[in-house]
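Enquirer: Chains as they are written, first to last, in my numbering: chain F, 155 to 409; chain B, 582 to 1087.
A couple of the hints might just be wrong.
Stated by the list, open to error - Some chain B residues near chain F, calculated using beta-carbon distances under 8 angstroms:
1) G792
2) A867
3) F873
Since the hints were made in silico from the structure, they are not lab data.
Glycine residues also receive a C-beta, built at the ideal position from the N, C-alpha and C atoms.
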Amino acid sequence: MLNAIQERFSQGHRTSRYPAEPPQMPDRLRGLPLLDASRCPEGCQACADACPTDAIALKADDLQLDLGRCLFCTDCMRACPEGAINYSQEYRLATRTREQLVINGKALELAEALDDKTRKLFGRSLKLRQVSASGCNGCEADSNVLGTLVFDLGRFGIQFVASPRHADGLLITGPVAQNMRLALEKTYAAVPAPKLVIAVGSCAIAGGPYIGHSEVNNGADGIVPVDLYIPGCPPHPYTILDGLLRLLGRLEEKR
Amino acid sequence: MSVSTAERRPHALAVPLADVGQVSIDELRTSLVEQVAEGGRVSALFGVPQPSGVRLYAVVVFGHDGTISVQATDVGDRYPSLTPDCPQVHWFEREIAEQWGVVPEGHPWLKPIRFHRSYRPGHDAWNRTVGDTIQPCVTDFFRMEGDEVHEVAVGPVHAGVIEPGHFRFQCHGEHVYHLEISLGYQHRGVERHLVGGPNKRSMHYMETLAGDTSIGHATAYAQNLETLSGAQPSLRAQAIRGIALELERLANHTGDMGALAGDVGFLPTLSFCGRLRGDFLNATAAICGNRFGRSLVQPGGVGFDIEPERSELIRKRLRPALIDVAGAMDVLWASRSSQARFEDTGTVSQETARALGLVGVAARACGIDWDMRHDFPSGIFRFTYVPVSSWHSGDVFARAYVRALEIQRSGVFVMKQLETMPGGALETKVGPLAPESLSVSLIEGWRGEICHVALTDAQGKFAAYKVVDPSFHNWVGLMMALRNQQISDFPLCNKSFNLSYCGHDL
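Extracted from the complex, chain F is given alone in its bound form:
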């Protein structure tokens, strides 16, 4: 008992000061991609050809990238002869619509808060049922980690609960394999209305590396209505947390 208290003192207080202070991100973080179409040589398709999920489209001097499909890998960067694609350390990536995830040099329209009525319901207490619909345990792990003392999700009134009956919404990960479709539909039906759906990771948004496989449904869209998209493979825990707080209007209050 005493040794546990001693160890507690020795390890110290570890909860991050976010959102009062911005989080410390690794210098090589692959956050929001930066596109510079002016560098593209005439007719070059190297990045689009290298992209494993066809997230990049080149149309008449316009370089478009779909963050929903993007695996945030390095294949396009490695293929580009001119360094037209780079990653920034910008970790804030969540949007309210699928279309907003398609970027072409313009600023990303980050997720707006819920309407006042819904926000009044969930703004200070949001209970989520997590459904791993054939996720690889990457998004699951970096969602689960929000419950640790570092992020301390509970201080924001957000909690993962054990039953959909106790939940205000679903946090879905994975490309939704055919074998998980019915379970996802049933879990969604079991959540009392009004309810939210949050799609975390490129698999849940568009199918991830499994896009187009007959074994999967290319994500949760089309099976359940999605209210928040959090891209990444997997998204950094702060990307997920930022999305959740943004949806609840909890970040605006601070500014």
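Dock chain B against the given chain F, drawing on the hints supplied.
Expert: Same frame as chain F, but now just chain B:
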């Protein structure tokens, strides 16, 4: 001891398919029984479609002398099952039946493992037709009959933030007589889509087929490409892969130790380890920008360097983390009530573990000192030595203790490698793959042995690519561990294995 007829070869060698020993199914049965008796373990058994019928390939590994044997046999739509004579292949034969519509006659429990259609149209092991719908885990389960005997069904959607699977317990009150595990909810068709590769998706399948083992599977895959193309990654690239592999082990083992402490209600270690796991993931992110090491391993080398300043920074962060993780373990071991819950819970005997061919932590916790880093060293592990950690008791305590030992030893390894980084280019070019060849790659992932087998066609493309995640061998270990336990100990036993659903379902 009689020596089996199967030719043994060193691993990490491309074998022309023509040189793979062709035997009859009866010869294969005799050979597998002999090889297992000599200390071999069936690492992979899988089917590859032929113009008529299916060719089965059996890969047996011999840890004590670091050799492997590969044998092949042709079968039609049915053959006499190998499982009654060699229980290690029981799950493989179910997989073969499901994938290729080949019936192993006399298999004691022939059911689908992933619930998908046969890959050979017109051939189905259960005579299902195109019109029949296949629903996951809608199948027969082992059932007990008797007064007050009841069945408990759990999943696919579980109470925690965890992947889906279905557990069926046969109980009398709290007492569990039998647990049957049925998976397949995570099936994304990985192996089917690897055929015809390598292509631009192949590496991403590897990194996400079990996303908590990205480095392990990506390294196993890269090694196969390097073996088949003759590419030699530099020592520096191999050191970086080794560091990433051990950071993956550190992160996952630390997370598991916290979860085990949490499952017995010992909150200090749960809290400490929740944070410390993140410190190890962040060390991986400091190398490549991604906490799971995505894009770090590339065929022919690595995508990111660890420069001296970066090495210094990572060591500066790891030093206190390793001290804190040791402290988190010390308070757990000092908690007698936690120990009482760990000891004699979920015991698997060494005999059972050997018979079923368990791997990794689950096997080492039964006193079986199999560790691919030691038995089949590849990459940087050919030049350095990580002691094999084992314990004899086979219970939850043993699986926890082996993890705690491995945390210490991986910590020492990572710090030493970071201090003494060898030189060399980050990447070497991977040329065309040798045609009509076979290569086996073995990696000790954090859960255990990862076995990848690549077979190329006449053009040097994958004719087949077999992935065996350690979970494929070990789910049955969890079933055995639950026998004669209380159902309330299931979460603890499950966590002590912490197996991958998606790594199994592929």
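Enquirer: Measuring from the C-beta of F873/B to each C-beta in chain F, is the shortest one below 8 angstroms?
Expert: This hint holds: F873/B lies near chain F, its Cβ roughly 5 angstroms from the closest one there, short of 8 angstroms.
Enquirer: Mind checking the CB of G792/B against every CB in chain F and telling me if the closest is under 8 angstroms?
Expert: holds, 3 angstroms
Enquirer: Regarding the hint that A867/B lies at the interface with chain F, is the smallest CB-CB distance below 8 angstroms?
Expert: holds, 5 angstroms
In terms of the numbered hints stated before, the structure departs from none.
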